[in-house]
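**Student:** Fit chain B to the given chain A structure using the hints.
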Amino acid sequence: MSTVLTWLAAALLTAAASLILIRIVRGPTVLDRVVALDVLIAVIVSALALEAVVNRHGTTLPILITLSLLGFISSVTVARYVERDNSEVAEDDDVRGERR
Amino acid sequence: MTAVLDAVSLVCLTGSALLSLAAAVGLLRFPDLLSRMHAGTKPQVLGVLLALLGVGLRLRSGLDVGMLVLVGIFQCLTLPVAAHMVGRAVYRTDLVRNCDLAVDDLSATGTSTGTLAGPPTDVSQDVPRSDG
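These protein sequences, in sequence, are chains A and B. This note's numbering numbers the first residue of the first sequence as 1 and each following residue consecutively. This note's numbering numbers the first residue of the second sequence as 101 and each following residue consecutively.
The following block holds chain A by itself, in its conformation from the complex (with noise of 0.2 angstroms):
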């Protein structure tokens, strides 16, 4: 019973991480990138929950703090960075500058 529901959440998780690659691949705009790969980290967590609990250590535990604090850092300086870039170009354009 527990090694079935050890293996679906594996091959679940695999699979999440599978299609946010895609997106990520694809992704039109940097913000989709950028929320992609958020969702990204959540599921590493997620697949490093599940490697603590099938081996019984905390050896990752420091790993998961980390990871929960650079996501945030990461998504903040890439969205800031967009958005002080686009209106430097909404200065010089005419149609975007009439929406100001």
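Hints may contain errors.
Between beta-carbon pairs, the in silico distance windows are [as the list claims (entries may be wrong)]:
| no. | chain 1 | residue 1 | chain 2 | residue 2 | range |
| --- | --- | --- | --- | --- | --- |
| 1 | A | Arg-56 | B | Tyr-191 | 42 to 50 angstroms |
| 2 | B | Ala-103 | A | Val-25 | 37 to 45 angstroms |
| 3 | B | Ile-173 | A | Val-54 | 19 to 27 angstroms |
Straight-line distance between alpha carbons at most 20 angstroms, and here's what the computed SDA-like set of lysine to any residue pairs gives [as the list claims (entries may be wrong)]:
| no. | chain 1 | residue 1 | chain 2 | residue 2 |
| --- | --- | --- | --- | --- |
| 4 | B | Lys-142 | B | Leu-128 |
| 5 | B | Lys-142 | A | Leu-48 |
| 6 | B | Lys-142 | A | Ile-24 |
| 7 | B | Lys-142 | B | Met-185 |
| 8 | B | Lys-142 | B | Ala-122 |
| 9 | B | Lys-142 | A | Thr-14 |
| 10 | B | Lys-142 | A | Leu-37 |
| 11 | B | Lys-142 | A | Leu-69 |
| 12 | B | Lys-142 | B | Val-169 |
| 13 | B | Lys-142 | A | Leu-67 |
| 14 | B | Lys-142 | B | Cys-176 |
| 15 | B | Lys-142 | A | Ala-17 |
| 16 | B | Lys-142 | A | Leu-21 |
| 17 | B | Lys-142 | A | Arg-33 |
| 18 | B | Lys-142 | A | Phe-72 |
| 19 | B | Lys-142 | B | Arg-129 |
| 20 | B | Lys-142 | A | Leu-70 |
| 21 | B | Lys-142 | A | Ser-18 |
| 22 | B | Lys-142 | A | Ala-15 |
| 23 | B | Lys-142 | A | Ala-11 |
| 24 | B | Lys-142 | B | Val-111 |
| 25 | B | Lys-142 | B | Pro-131 |
| 26 | B | Lys-142 | A | Ala-10 |
| 27 | B | Lys-142 | B | Ala-183 |
| 28 | B | Lys-142 | A | Ile-22 |
| 29 | B | Lys-142 | B | Phe-174 |
Bear in mind the hints are in silico, worked out from the structure with no lab data behind them. Cβ coordinates follow ideal geometry from the N, Cα and C atoms, glycine included.
**Tutor:** Coordinates of chain B only, in the frame set by chain A:
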């Protein structure tokens, strides 16, 4: 008792994996960046908290549970801020499809015009909805 706790922890982890798969399908299938964000938040909050609960039920030692609580607090504190920043960047870079909005509180006029350019998706964007 310990066998029951181990089984519950595995069930929690399987639920977390299910949420991850659902979010991945949503990320791949949804046409809009904001709806992709909506799909992505499921494993980021509930999925991660379920996984941490599973690890805590299996390890059951004070130090490990403290670290797991710390991870949960960090996740719940930082995710809204990150989602806010990304959502603001999405709006300011004109990636919101205005024809999907009934009311646009952030624009100067307060109403959606439906004429601004949307994201480069394959869904037709210049046809306004009849009920919008």
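**Student:** What are the numbers of the hints the structure violates, in ascending order?
**Tutor:** Structure breaks no hint.
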